[in-house]
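**Q** Sequence:
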Amino acid sequence: MNVLRSTTISFHIVVIYDKNRYPIYGDSLLALQHLSFVRELADAFERKSVFMEPALSVQARYIALIVSLRAVGHTFISADCAGSPERDRWRQENWKVWEERPIYAGFIKPTRDQILKDFKGLKSNDPAFEGGAVYGGPTPTIVTDFDASKLRDANGELVMPKIREGINFWNQYLNSAEDAFRRLPR
Numbered sequence: 001m002n003v004l005r006s007t008t009i010s011f012h013i014v015v016i017y018d019k020n021r022y023p024i025y026g027d028s029l030l031a032l033q034h035l036s037f038v039r040e041l042a043d044a045f046e047r048k049s050v051f052m053e054p055a056l057s058v059q060a061r062y063i064a065l066i067v068s069l070r071a072v073g074h075t076f077i078s079a080d081c082a083g084s085p086e087r088d089r090w091r092q093e094n095w096k097v098w099e100e101r102p103i104y105a106g107f108i109k110p111t112r113d114q115i116l117k118d119f120k121g122l123k124s125n126d127p128a129f130e131g132g133a134v135y136g137g138p139t140p141t142i143v144t145d146f147d148a149s150k151l152r153d154a155n156g157e158l159v160m161p162k163i164r165e166g167i168n169f170w171n172q173y174l175n176s177a178e179d180a181f182r183r184l185p186r
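So the sequence shown is residues 1 to 186, counted in my numbering.
Think of the hints as simulated: they come from the structure by calculation, not from any bench. Hints are not guaranteed to be accurate.
Listed next, the in silico BS3-like pairs over lysine-lysine satisfying Cα-Cα at most 27 Å (straight line) [to be verified]:
no., residue 1, residue 2
1, K117, K150
2, K48, K162
3, K48, K96
Label pairs and their in silico Cβ distance ranges [to be verified]:
no., residue 1, residue 2, range
4, R47, E178, 26 to 32 Å
5, H74, S176, 15 to 21 Å
6, I142, R101, 33 to 39 Å
7, S57, I77, 26 to 32 Å
8, G83, V50, 45 to 51 Å
9, L184, T141, 51 to 57 Å
Remember, predicted model here, so these are calculated numbers, not experimental data. Quick reminder that beta carbons are idealized off the backbone N, C-alpha and C, glycines included.
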């Protein structure tokens with residue numbers, strides 16, 4: 001099994017809220033704005049480039065996408081429910097249902113956990129890596145003609161449909177939270 005890897009992968013995601021790009025209207029949840037950012041990451045990851053790109057860059061974008069998809073829930077808990085006992089109570093009641101959904105329990109959470117705990121790299125023999133070359137320079141780099149629509153997980157299942165399903169999952173549940181929060185006493 002060929003695995004693309006680096007001796008060190010140091011990756012930090014810092015979400016900086018840009019109120020000009022993602023304006024909050026009224027009682028809109030910050031987690032919904034975070035989800036818009038994740039949707040943009042998914043669109044960019046899926047967009048086929050006309051250039052080959054470093055395989056490690058593909059891996060970094062994949063990690064950012066998966067970790068950000070899971071972090072939507074953290075934003076909901078830490079930003080949208082913090083400081084409001086009514087919102088937190090609503091979240092606790094509903095989170096039990098949300099976390100049992102197959103897309104969350106079977107993809108979002110375990111994939112993010114695997115990346116953070118034991119990421120071994122994307123497999124270079126995955127059909128998503130359609131051609132490759134070694135760019136020789138001061139630091140030889142593996143470059144690839146990457147196609148996200150062909151990327152498969154460890155079980156051989158396509159990844160992008162799961163990412164899109166994860167985005168739809170969060171969108172559905174966060175919209176229901178937003179509706180419920182509007183009816184809570186202030």
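**Q** Look at each hint and say if it fits the structure.
**A** Okay, the hints, checked on the actual structure:
no.: 1; hint: K117 / K150; in the structure: holds, 25 Å
no.: 2; hint: K48 / K162; in the structure: holds, 18 Å
no.: 3; hint: K48 / K96; in the structure: violated, 38 Å
no.: 4; hint: R47 / E178: 26 to 32 Å; in the structure: holds, 29 Å
no.: 5; hint: H74 / S176: 15 to 21 Å; in the structure: holds, 18 Å
no.: 6; hint: I142 / R101: 33 to 39 Å; in the structure: holds, 37 Å
no.: 7; hint: S57 / I77: 26 to 32 Å; in the structure: holds, 31 Å
no.: 8; hint: G83 / V50: 45 to 51 Å; in the structure: holds, 47 Å
no.: 9; hint: L184 / T141: 51 to 57 Å; in the structure: holds, 53 Å
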